[in-house]
Amino acid sequence: MTQLALVIDLNVCVGCQACVTSCKEWNTSGSAGPMVDQNPYGADPTGTFFNRVQTFEVGEFPNTETVHFPKSCLHCEDPPCVPVCPTGASYKRKEDGIVLVNYDKCIGCKYCSWACPYGARELDEQQQVMKKCTLCVDRIYDTSMAEADRKPSCVLACPTSARLFGDVHDPESAVSLAIRESGGYPLMPEWGTHPANHYLPRRKTRIKIHEDELERADNPLKVDRQLPRPATNEPTLDDFTTW
Amino acid sequence: MQAVKPSVPPLQEVKTTTCYMCACRCGIRVHLRDGVVRYIDGNPDHPLNKGVICAKGSSGIMKQYSPARLLKPLKRKAGADRGAGDFEEIEWEEAFATLAERLGKIRATDPKKFALFTGRDQMQALTGMFARQFGTPNYAAHGGFCSVNMAAGMIYTIGGSFWEFGGPDLDRAKLFVMIGTAEDHHSNPLKIALSKFKRDGGRFISINPVRTGYSAIADEWVPIRPGTDGALLLAIIHEIIATGLYDREFLVQYSNAGQLVNMAESNDEFGFFVRTEVPTEEACYEPQDKLWWDRNTDRAVVTHQKGADPYLLGEFTLSDGTPVKPAFQLLQERVSDYTPEWASQITGISAATIRQLAHEMGVTARDQKIELPIAWTDSWDNEHDTVTGNPVAFHAMRGLAAHSNGFQTIRALAILMSLLGTIDRPGGFRHKAPFPRPIPPCARTPNDPRAVQPNRPLDGMALGWPSDPDDLFVNDDGSPVRIDKAFSWEYPLSVHGLMHNAITNAWRGDPYKIDTLLIFMANMSWNSTMNTAEVRQMLNDKETEGPNTGEFKIPFLVVCDAFHSEMTAFADLILPDTTYLERHDVMSMLDRPISEFDGPVDSVRIPVVPVSGDCKPFQEVLIELGTRLKLPAFVTKEGERKFRDYPDFVVNWETEPGSGIGFLAGWRGKGGEKFLRGEPNPNQWEMYEKNNCVFHYELPKSYQYMRNWNKGYLEWSQRNRITRYAEPILIHIYSEVLQRFRGAAQGKGLTRKPPEHLRKRIDTYFDPLPFYYEPLEGQVTDRHKYPLAAVTQRPMAMYHSWDSQNAWLRQIHTHNYLYVNTRTARQQGIEDGDWIWVESQWGKVRCMARHSEAVEPGTVWTWNAIGKAAGAWNLTPDANESQKGFLLNHLISEELPAGGSARVSNSDPITGQAAWYDVRVRIYKVGAGETAVTSPQFAVMKPYPGMKTRSSILAFLGMKQK
Ligand code: SF4
Ligand code: SF4
Ligand code: SF4
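Heads up: the sequence lines are chains A and B, in that order. Heads up, the first sequence is in this note's numbering, so the first residue is 27 and it goes up one at a time. Heads up, the second sequence is in this note's numbering, so the first residue is 993 and it goes up one at a time.
These are computed hints drawn from the structure, not numbers from a lab. Be aware that one or more of the hints could be misleading.
Facing chain A, from chain B, some residues (calculated, C-beta under 10 Å) [said to hold, decoys possible]:
1) G1052
2) R1191
3) Q1929
4) V1932
Cβ coordinates follow ideal geometry from the N, Cα and C atoms, glycine included.
Can you make the complete structure from the sequences, with help from the hints?
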């Protein structure tokens, strides 16, 4: 059974927000749109976004990590948002595991957004229906597009290719490989939602310089007569004893 | 697999063009539906961004539909104050007639009374040419207040620089050190490279007072105090030399490290390289007439002789008794006191960390060498089987540049990169065409005020690269010819001009008054000026005495921009520009192209939607004006119009008749069969359009590296007229150019001498070797009263952008905070979110504080240009940008006291680079009961005639509204 998902590599995400606005740009005029903005040119503008990047600090100066954390619907394998829906508007697709909302059935009761522990759902204030990431379902199967374009908008946009997309149930897929090899983890597993999306943690590369690496026979100072070689007139054993 | 049926019609049309949401200039695909832009994504076939796009690029649609767009030419209502925003709509014909008449009179009398300054510096091929044709020296783009120190410091050292002209080769690097780089500089190519570099196992160190953006994913963050980078770099150089971790072979062959410097103090030649003969030709390359002290024969020989190997260290005496030392010896002496312990006190970085940095750089460079199987020939005819790389790469930008000690700091960086043997080598720094260029590049300004003549083009360039005091653009008494005092003794190497002083100088009439100031796309009454509040007054200030009493001190102010802004409000005449989706444009080799490491690249913009309202691209405005003014380049001998419009100009204009060099390098020649040089091709635009709007010439592999000294490349570049000379470009470890100015200040030699009051300044700062000094503002600041350094950066989603009015981007950054280290804040009793005052010796600002652990304790910082004037950019007057957002510019002075009543620009004394990041502040909580609004506030701005009303709800559908 296919479970499509995003795997987000926090090791390379620079928090540029490209995924945020390219998502909005694709989806507002796509099948999940519009994504309405209230007060777009006024005080406290608020709009619908399917994907947001939060930036936060961890640790105390100077041992601070700044983390950029993109967040969208995680397409849970046991999505708590689905059973609470009174109209059946929220559903999980069998064929690919994408969690979707049928706007025609949605009555805007917000049960699902209360049930979602990740805050992934946003109510469209104008249409009064619940909206969220669709994994760009209107792109990924669209055969009128070139094959290379049949990927989520955010994935194609991401300049650091921090967003991997694929089937997490296929052990051979690039996403499964990344989860296996780079320590991919789900968010808040304790909720039992089994999120399909995973995150890859930060990894550090260090260089260890051994002291003896600083001493080399081919030290260029030698060529210029400057390698610490004591002058002949400095004291030696010869000055003290005759043996 | 069940597809969700798109409930909306499919895309119908895809057009390619080039993004201009920032200065990065990625290739984009614009998808249209019913002729309406529905979606913009990265063009996978574009060499710069390879299909990716950033937050700005993805929000391009919202720029197109912004209610801040200016849609009609406007003129200030008679009697209205500047800044009040009282305008009336006019037709273009009136605008052109007004301008042609006014500018025509200026040109016929004193062309320098017209000044043209542009915020965007990637259109200089045209704007610079227009100014030159007009005959005014008063032209510059924004480089002077951006990063000219980076360009000048590196180009005067290695003949190339970061960003458009070169960058880190992260494909091959093993260690990457980013120092003083604000977010997103530059945008997508660096992000692509950084992630690949990390995934390939590279180690990434970020040296920065603040950890945001790219620094977040660094393997190590080294916090540093602002303005002290020079001390750090010099200490690293100290350690690299002391441990012998420099690439001796590289220095010997490819730099002036081994060249002998005259050490006879009484001699006029003191401090200059000893030469074998007096140069015969006055040219801008360096003849190979210097000496080495050969180890094998123990005598002085001409450099690069076969079999010779110079001493880099030691002192020697020439046969005529002249004492000499190799340049490298002088560098070693210079850094001898710059120990890690010394630098630790200044930078706040421990001596152990400084040593660790030096060792990581040196050992990685030495022990992880790359050998590429690429044969090449150097300028001395030595044949090499391989290209060697020492895989340590650097990137740096405004964090180093925007200090008044930035030039010497950046010289230190370029020297460090050279010591490690990383210049134009795999894994290090690599050039991009048209660089490298001779040191300094050949372009010169005139050096004589008589170059400015009525009704004549300027006899020389408005901007250039001085190589000695005789190149300065000064009057006979040594005073500046230019309004911004560039290329004068005050800022001799101000190669990008000093736009940040143009208004103050013109207002004061120092060095003289001007008549018309034309500003293109620069917010000079807001975030692009220092001392914002007073500069706004200057723009509105009137003469109180003399024949012009009651007239504005800057009599006529013209602003060309696509958007309502703080600046447009001050204009007498507003020329509405188009957006990037509505215009033709070129990223020209004559300007700042988008070249890759592997060869020259230029590109174009082609309109994808019709022009909105009554807008006109600025280029068309210049062509039209040039034609009406009958500037020689734009009219035939008979005075008739030569170019129909800008696209026609781009195709047919040549640098000189028959030169075959024009704005675009691709598809030249009658049928498009030539490149770089060739006759105009009438179908050039179509050919660009068919090829993703980009021309990319990939050099043969053997020409892709070591280009300063690569005979094949240099000759290719000479044949293709990229450069005049094919002489090798040796790295200037020791800068004779600087020494020439210093010599003049010491009264030596035959060149011009500085005026008395600037002698000491030149003598001090024009040191041929890098040195550290405290930034100038710090030298005149009470450090106890103002203990904190305050800096700014632009956030990624707004970097190099013009998009405060962008409905999507402004939701990411609606207002800004002052970020303060938590401990520093608590010492002042400031809690997270508290309202505080930030005060410098020049002014104060009220704003909100945000605690942060990601900032060095002696530094506070904020996002720049998020704060707006109320009502500006057609945001509502209560928008967060004006009520909670603020500008740090109010705390920064554009001038510093210079003894008595004299004032000098708050800039680097060598290059005139605006010293934005030198300001020192203190912070304290606001008094009880103070209003929770940022201060200062200005009169609420209103929309101008002809603008669209802003909507209170936006549901963008990317299709024609029914
Ligand atoms: S586009 Fe990529 S790098 Fe940028 S914020 Fe999103 S995930 Fe991170
Ligand atoms: S993240 Fe939230 S909205 Fe998405 S499937 Fe899980 S519970 Fe439902
Ligand atoms: S997959 Fe599509 S809908 Fe989901 S966050 Fe990415 S762009 Fe937005």
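Please check whether B:G1052 passes as an interface residue: C-beta within 10 Å of a C-beta belonging to chain A.
Constraint on B:G1052 satisfied, holds at 8 Å.
Is the interface hint for B:R1191 satisfied, with its Cβ closer than 10 Å to some Cβ of chain A?
holds, 7 Å
Let me know if the C-beta of B:Q1929 comes in closer than 10 Å to any C-beta of chain A, holds or violated.
With a minimum Cβ separation of about 15 Å from chain A (threshold 10 Å), the hint on B:Q1929 is violated.
When the least beta-carbon distance from B:V1932 to chain A is tested against 10 Å, hint result:
violated, 14 Å
Hint check: violations occur at hints 3 and 4; the rest are consistent with the structure.
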